[in-house]
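Could you build the full structure based on these sequences and the hints that come with them?
Our numbering numbers the first residue of the sequence shown as 331 and each following residue consecutively.
Just so you know, the hints here were simulated from the structure itself, not pulled from any lab data. A few of these clues could be false.
With a Cα cut of at most 30 Å, we get these calculated DSSO-like pairs of lysine-lysine [stated by the list, open to error]:
hint, residue 1, residue 2
1, K398, K425
2, K445, K393
3, K385, K445
4, K391, K442
5, K385, K440
6, K391, K446
Computed beta-carbon distance windows for the label pairs [as the list claims (entries may be wrong)]:
hint, residue 1, residue 2, range
7, A394, H343, 30 to 36 Å
8, K346, I432, 17 to 23 Å
9, L361, K445, 31 to 37 Å
10, H343, P363, 22 to 28 Å
11, A449, Y421, 42 to 48 Å
12, L353, M443, 21 to 27 Å
13, L361, A418, 34 to 40 Å
14, Y421, D399, 30 to 36 Å
15, V447, E397, 30 to 36 Å
16, V383, T350, 14 to 20 Å
Just so it is clear, the structure is predicted and the values come from calculations on it, not from any experiment. We put the beta carbon where it would ideally sit given N, CA and C, even for glycine.
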Amino acid sequence: DVNGVQMVSIIQHKTKRPVTVPLNTLALSLLPPRPENGEEGIIFPLVKKPDNVAKYVRRIKDKAGIEKDFTYHSSRHSAATPAITAGAELYSVSKILGHGSIASTQVYAKVKMEKKVEAMNLTNGVF
Numbered sequence: 331d332v333n334g335v336q337m338v339s340i341i342q343h344k345t346k347r348p349v350t351v352p353l354n355t356l357a358l359s360l361l362p363p364r365p366e367n368g369e370e371g372i373i374f375p376l377v378k379k380p381d382n383v384a385k386y387v388r389r390i391k392d393k394a395g396i397e398k399d400f401t402y403h404s405s406r407h408s409a410a411t412p413a414i415t416a417g418a419e420l421y422s423v424s425k426i427l428g429h430g431s432i433a434s435t436q437v438y439a440k441v442k443m444e445k446k447v448e449a450m451n452l453t454n455g456v457f
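Below, the structure is given as structure tokens:
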């Protein structure tokens, strides 16, 4: 908890980097109840090995009744792309995803036509 915002901290399996992610209201609503005594520990006890993450994501997908197939990677994409589109800074999203460089995060930055129009409109009256 930092300034009233709950966080989850992990060491990424692939990069061995520590990553701390602030949790939004939706994420908090999906988490299992935490012990009242503030005890820290494993939030998702089923995910003990990185290989189990894909199985866990699939189980959540099935339980939620989502028919479309997706992978752990596509679930990251589904979180990052809307955040960037909504105006989140690329650097912040990069840190949330645990990327070593912004270049890795840029794949998620799908530029909508309206944003291109806004960018071009900024040049009105410049020349």
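Hint check:
| no. | hint | in the structure |
| --- | --- | --- |
| 1 | K398 / K425 | 28 Å, holds |
| 2 | K445 / K393 | 36 Å, violated |
| 3 | K385 / K445 | 37 Å, violated |
| 4 | K391 / K442 | 28 Å, holds |
| 5 | K385 / K440 | 28 Å, holds |
| 6 | K391 / K446 | 34 Å, violated |
| 7 | A394 / H343: 30 to 36 Å | 25 Å, violated |
| 8 | K346 / I432: 17 to 23 Å | 20 Å, holds |
| 9 | L361 / K445: 31 to 37 Å | 33 Å, holds |
| 10 | H343 / P363: 22 to 28 Å | 26 Å, holds |
| 11 | A449 / Y421: 42 to 48 Å | 19 Å, violated |
| 12 | L353 / M443: 21 to 27 Å | 32 Å, violated |
| 13 | L361 / A418: 34 to 40 Å | 21 Å, violated |
| 14 | Y421 / D399: 30 to 36 Å | 31 Å, holds |
| 15 | V447 / E397: 30 to 36 Å | 35 Å, holds |
| 16 | V383 / T350: 14 to 20 Å | 18 Å, holds |
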